[in-house]
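**Student:** Model the full structure from these sequences, guided by the hints.
Here our numbering is used: the first residue of the sequence shown is 1, the next is one more, and so on.
Across the chosen pairs, the derived CB separations fall in these ranges:
id, residue 1, residue 2, range
1, D160, R52, 30 to 40 Å
2, S124, R53, 42 to 52 Å
3, I139, H185, 12 to 22 Å
4, L67, G96, 12 to 22 Å
5, L135, G170, 14 to 24 Å
6, V86, S113, 18 to 28 Å
7, A73, K145, 38 to 48 Å
Hint data in this document are derived by calculation from the structure and do not stem from the laboratory. All C-beta atoms, glycine included, are put in the ideal place defined by N, C-alpha and C.
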Amino acid sequence: MQTMPRSSAPSSLRYTRPSVGRNVCVIGLVLFVVLSFVGCGNGGSGSDASVRRSPVEVEGLAARMQLGTSVQAVLGELGRPSTRVVEGRTEALNYGGWDLEFEDRRLARKSTSRNPRGGVRPKSNFNKVVLGLTLGETIDEVRPKLGRPEGIIETWEGHDEKVTVLRYGGWQITFVNGRLEERTHS
1 MQTMPRSSAP SSLRYTRPSV GRNVCVIGLV LFVVLSFVGC GNGGSGSDAS VRRSPVEVEG
61 LAARMQLGTS VQAVLGELGR PSTRVVEGRT EALNYGGWDL EFEDRRLARK STSRNPRGGV
121 RPKSNFNKVV LGLTLGETID EVRPKLGRPE GIIETWEGHD EKVTVLRYGG WQITFVNGRL
181 EERTHS
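**Tutor:** Take a look at the structure:
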């Protein structure tokens with residue numbers, strides 16, 4: 001084939017670029033077909049583990065999970081957890097501030113942990129104050145003595161009693177049904 005300079009080529013042989021609108025239509029059509037196949041893979045349920053949810057949405061869903069829900073149902077609804085630990089018949093999934101514990105692949109306990117702003121770092125006489133606490137005191141009586149904790153862990157469901165743990169440095173102050181049960185130091 002003979003090469004002709006671009007300007008002297010007959011108009012029927014000139015290279016013409018397809019219009020941008022046509023390219024967009026082709027790309028849109030390809031995306032539609034691909035997304036249709038992907039959507040058919042999960043039956044359009046929208047509960048696929050690959051669904052991206054905001055951390056706030058995941059924590060809200062974790063809070064509302066019913067005891068007895070299967071591990072697979074939780075994973076399908078909430079997606080991949082931050083951490084997952086399996087030991088024998090028990091399994092634990094962490095979603096932000098929520099810990100979901102399973103026994104025999106069914107949700108058995110839910111607890112949450114948070115770190116309030118402005119938590120108090122224990123002072124030098126803090127050990128003496130903690131050891132001076134009386135077992136059976138209420139959280140409302142203890143908190144003014146110790147100040148704002150660095151961390152709070154609360155069990156919401158799955159225990160016979162409501163368990164709350166306040167963390168101050170190495171100290172963990174445990175309350176059962178709102179009353180001081182134990183103090184431990186690590």
